[in-house]
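Student: Using the sequences and the accompanying hints, generate a full structural model.
Listed here are the chains, written in short residue letters.
Number of protein chains: 2
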Amino acid sequence: MTDEKLLQKLSEYERKRFAYTHASGIMYYDGDTVAPPGSYLVRGDTMGELAMLSYKLSTGKRFEDMLGELIARKENFDAVTKRKIELLKRDYDEIKNVPAREYADYARLLVESMNAWREAKKNNSFETFLPFLTRVFETVKRFARYMAPDSDPYDTMLDRYEKGLTVKACDGFFGKLRARLVPLAAEIAPRYENVDDSAFRGCYPAALQREFSEYLMGVMGLDRERCIIGETEHPFTTNFSKYDVRITTHYYEDSPVSSMYSVIHEGGHALYELGVGDDITLGICGGGVSMAIHESQSRFYENIIGRSREFTAMILPYLRKQFAPRLDGVTPEEFWRVVTVVKPSLIRTEADEVTYALHVMVRYELEKQIVAGNLKVKDLPGEWNRLYREYLGVDVPRDSEGVLQDMHWADGNVGYFPSYAIGSAYGAQFLREMQKDIDVWGGVSKGDLTEINGWLCDRIWKYGQLRDPGELFESICGPLDPDVFIDYLAGRYGV
Amino acid sequence: MTDEKLLQKLSEYERKRFAYTHASGIMYYDGDTVAPPGSYLVRGDTMGELAMLSYKLSTGKRFEDMLGELIARKENFDAVTKRKIELLKRDYDEIKNVPAREYADYARLLVESMNAWREAKKNNSFETFLPFLTRVFETVKRFARYMAPDSDPYDTMLDRYEKGLTVKACDGFFGKLRARLVPLAAEIAPRYENVDDSAFRGCYPAALQREFSEYLMGVMGLDRERCIIGETEHPFTTNFSKYDVRITTHYYEDSPVSSMYSVIHEGGHALYELGVGDDITLGICGGGVSMAIHESQSRFYENIIGRSREFTAMILPYLRKQFAPRLDGVTPEEFWRVVTVVKPSLIRTEADEVTYALHVMVRYELEKQIVAGNLKVKDLPGEWNRLYREYLGVDVPRDSEGVLQDMHWADGNVGYFPSYAIGSAYGAQFLREMQKDIDVWGGVSKGDLTEINGWLCDRIWKYGQLRDPGELFESICGPLDPDVFIDYLAGRYGV
Chain A
28 MTDEKLLQKL SEYERKRFAY THASGIMYYD GDTVAPPGSY LVRGDTMGEL
78 AMLSYKLSTG KRFEDMLGEL IARKENFDAV TKRKIELLKR DYDEIKNVPA
128 REYADYARLL VESMNAWREA KKNNSFETFL PFLTRVFETV KRFARYMAPD
178 SDPYDTMLDR YEKGLTVKAC DGFFGKLRAR LVPLAAEIAP RYENVDDSAF
228 RGCYPAALQR EFSEYLMGVM GLDRERCIIG ETEHPFTTNF SKYDVRITTH
278 YYEDSPVSSM YSVIHEGGHA LYELGVGDDI TLGICGGGVS MAIHESQSRF
328 YENIIGRSRE FTAMILPYLR KQFAPRLDGV TPEEFWRVVT VVKPSLIRTE
378 ADEVTYALHV MVRYELEKQI VAGNLKVKDL PGEWNRLYRE YLGVDVPRDS
428 EGVLQDMHWA DGNVGYFPSY AIGSAYGAQF LREMQKDIDV WGGVSKGDLT
478 EINGWLCDRI WKYGQLRDPG ELFESICGPL DPDVFIDYLA GRYGV
Chain B
28 MTDEKLLQKL SEYERKRFAY THASGIMYYD GDTVAPPGSY LVRGDTMGEL
78 AMLSYKLSTG KRFEDMLGEL IARKENFDAV TKRKIELLKR DYDEIKNVPA
128 REYADYARLL VESMNAWREA KKNNSFETFL PFLTRVFETV KRFARYMAPD
178 SDPYDTMLDR YEKGLTVKAC DGFFGKLRAR LVPLAAEIAP RYENVDDSAF
228 RGCYPAALQR EFSEYLMGVM GLDRERCIIG ETEHPFTTNF SKYDVRITTH
278 YYEDSPVSSM YSVIHEGGHA LYELGVGDDI TLGICGGGVS MAIHESQSRF
328 YENIIGRSRE FTAMILPYLR KQFAPRLDGV TPEEFWRVVT VVKPSLIRTE
378 ADEVTYALHV MVRYELEKQI VAGNLKVKDL PGEWNRLYRE YLGVDVPRDS
428 EGVLQDMHWA DGNVGYFPSY AIGSAYGAQF LREMQKDIDV WGGVSKGDLT
478 EINGWLCDRI WKYGQLRDPG ELFESICGPL DPDVFIDYLA GRYGV
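Heads up: the protein sequence lines correspond to chains A and B, in order.
Quick note: the first sequence uses our numbering, first residue 28, plus one each step.
Quick note: the second sequence uses our numbering, first residue 28, plus one each step.
The list treats identical chains as interchangeable, and a pair is accepted whether it falls inside one copy or across any two copies.
Here are the simulated lysine-lysine pairs, DSSO-like style, with alpha carbons at most 27 Å apart:
| # | residue 1 | residue 2 |
| --- | --- | --- |
| 1 | Lys83 | Lys32 |
| 2 | Lys123 | Lys83 |
| 3 | Lys36 | Lys88 |
| 4 | Lys489 | Lys109 |
| 5 | Lys101 | Lys123 |
| 6 | Lys370 | Lys149 |
| 7 | Lys36 | Lys101 |
| 8 | Lys83 | Lys43 |
| 9 | Lys190 | Lys83 |
| 10 | Lys370 | Lys203 |
| 11 | Lys116 | Lys190 |
| 12 | Lys43 | Lys123 |
| 13 | Lys463 | Lys473 |
It should be emphasised that the hints constitute simulated quantities derived from the structure, not laboratory data.
Every value quoted in this text rests on a predicted model; they were computed, and no experiment measured them.
Tutor: So, in C-alpha cells, the structure goes:
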C-alpha cells in the first residue's frame, strides 16, 4: 500500500468516526432538549447501536492493520498526521480491552441513567436513581481496569479527562488551594453579608431573559450561524465540529443572574469549539483538547471577564433598559457586589468564584472514595451532606439540592469534576499572560472582546487537539501554580 | 441454521435497520427545527454515512443470504414474519440495482437541496434552487429506472408511495374528480364571497397560539408522553416508532386558523403512528403503511372532523376565552363559515376542502411531465403559473407563493402528491363506514374523540404495515369510489 492510499484510508476512517459521533451527539442533544419523555428507551437502543459502530470502527483487525501501518510509517507524514496517529494509538490502547457488548450496553445504560437522574432530581428521590448510579460507577470502574489493568482506576479516569493528571497531583493541588482559600473565603464572606440583591429578585420573565441571552451571545462574539442556544435543566455545551455548537441555559424567573452566568460560561466553551482550525475540525484532532482547558475558557469568561467591574458596568445599561424600570436605581458598584457575593452555599453551578473549588472538592473526595471501594453508592447522600457541612458549613435540606444536583455522574463522567478547579487556576494564569500583550480591561469596558477572543484563538482554540493540555498550557504560562489563581482572587476582592 | 437462529438474525437486522433510520430521522428533524444554519453541509455528510450504512445492511451477500433463507422457509413462520419477508423482498428488489455510492450521494444531495429550497423560498429565487431541483429530479428518475428498468419511471414512483398506484389509475381518478369538482366549486364559491373573517385577522400572538395547539392536541387525544410539537416553516409529522412522534406547525400571528388546521392535520398523522401495535412498532412492519392512508387520516381529522359544524361549535368557547375579547361576537355559524370558505387560491396547505384536489392536480401534471421528459425543470415556474391560471383561475404573483411553496420536491418526494387527493377520497369512505358503527357527530359535539380514535385504531392504525394499503382500504370500505367523496362534499355544503 502506498503512503497516499494509507492516508486515504485514514481519511475514510475519520469520516466515519465523525459521522457516528455526530449522529450520536445529535440524538443526545435531542433527547435532552425536545424528545418526548416516552422515547428514552428506544433512544437508548439506537445510541447503543451507534456506540457499537464506533467501537467496531476503532477496534478489530481492519483498524489494527491500518493503525499498525500508520505507526510503522509515522516518520513519512506531516505533523498533523503524526499527531493523529498518536491520538489514535492512545484511544486504541484505552478501549481495545473493553468487550464490544459491554461498550454498547454502557451507552444504553447512560440513557437510562440520565432519565432516572432527571426523574429523581424532580422528585427528590435518590433511591430511584441509586440502582442506575450504582451500575454507572461499577461500569466506569470496570472499564478503567480494562483500560489500564495495573493502574489505580481513579488515576485512569482522571487521565482520560486531563492527560497526565493523577490522584497524587490532585491531592496536592486541592491541598494547596484549601490551605489558602478557606481563610480567604472566611475573610471575604462577612463583607457581603448585607448585600441587597432584592432588585435582582422577583419576576424576570423567561421571554425577556431569552433576549438578554441573545445580547450576551452578541457581546461575546458567538457566530450565530454556527451556534444556537437551547434550554435544559442543567446548562451544557455540545458541539459537532466548529460548524455546529450548541449551548443551553436554564431560566429562573426569579433571578436573571443565574442564566446570565450560565450563558457566559457555556459561551466560553462554545467560543473554544467555534475557534478550532478549519483544517482539523472534522477529524481526529478536532474539538477542544481537555476538560480542564475547556473549563479554563468557560470559567475565564464567566468569572474573570464576566464578574469583573468592567464587564458588569458595561452591560448594566442594557439590563436597565431590558428589565425597565426594575433596575433604575442600581449603580455599577451595587450590581458588581451582587454578582460577586462570596457566600458558602448548596449549589455548585451557583457558587461564587472563591468557594467554588470547595464544591468541587466534595465531589472529588466522594468519587475517589467510591472508586477505591471505601464508600458505597447508597451512602453517597449522607457523606455528601457531611462534607458540605465540613467544607462549606452548610446543611443540605434535600438530595435534589445535594447529591442529585449535577448530571455528571449520571452521565458516566467520573474523574471530570477536578477539571473545573484546575480550569479556574489555568484561567488566572492565562489572564496574567494576556495582560502582558493586550489591554484586556479596556476592551471589556468598551464591550469589545475581539482582542481577547483573538489572543485565546491564536494560542489555544485553533490548535484543537494538536497539543496535549499540559504542554499547551505550559507553552503559554509555564508550570501550573495555584498561587497565581489565589493571588488573582485576593486582588479582585482587595485583600 | 435452525429456524430459530434465522429469526434471531432477522431480529438483529431489524434492530440495526431501525437504529440507522432512527438516527438519520432525528438528524433530519434537528436540522429542520433547531440546528444552526452553518451546520447543514456537515449534516449532509453524516446523513450520507448513515444512508450508506442502511444501504449496506439491506444489500450485499450477507443480507441476500438471509433473505434467501427466509424466502425458502417462509411457510415455517407466523403471519407477521411472513409479511416481514414479503416487505423485505419488495424493498430489496427496489434498491438492489442502485449503486451504493449514488445512494449515499443522494442523501447528501437532499440535505443541500432542502437547504437551497429554504433559502430560495425566503428570497423568492427559483434560480438558486434550480440546480438542486434539477439534480433531484434527475436522481429520482435514474433511481426509478434502476428499480424497475422496464416500467414507466413515474409509475414506479407512484407505486413507491401507494402500492399498486399507476399513472393510468391517477389519470382516471383525477379526471373523475375534476369533472364533478369544478362545477361543484363553481356553485359553492360565490356563496362565500362576502364572508367576514375580520375577527380572525389581526394580532394573534404566537404564545397564545401555542397554548391553543396544546388544547387541540388534548382534544384529539394525542399522548404527550410520546408526542411533541415543534415549529417549522412547513408543518410536517415525523416518527421514530410509536414512542416518539413529532408534529410541527407554523404560527402566523395574523391568523390563528392556519396553524389550527396544521395541528389537526399533523395530529391525524401522529394518531396513526401512535396507534401502531406494540409488537410491530420497532420492526419492519412498524409505521403507517402508505402516504395515501396517512393522508386519509390527517385529512379526515383536518377536514371531515375539524371543519364540521360540530367540531367548530365545540371548540368556539375555548377560542373565545383564549383570545378574549376578540371573538366575543362570533357565532358558531359564523366561525364555521370562516373555516369552510371555498375560494380558489394560491397555497395548497391553505386551500379549502373543495378546491384542494386542483392544487394537487397541478403538481401531478407537472411532475408527470418532467419525469416523462416533456418539461424542463427550468420551465417549471412558467408552467406552474399557467396551470394555476387554468385550473384555479388565479395569478401567481411570485414563485415563493407558487412553485417554491412546498418542500416535497426539494426532499425527493416525487410521486407523493397524488396521495393527498386519494387520501381525501379514502377519508370520505371511512366516514361512511364509521357512521354505520358509532355516533360520530355526537362524540365530536362533546369534544370526545375516543370512539372515533378507537374505530380507526382497530381497523387501520394497529396494523402498521401488516396489510397493503389497497387491501386494507377495501377490507373496510370496498373499492375506491371518488363519487363518495364528492357526495360527502356536496352534503356538507348542502348542494
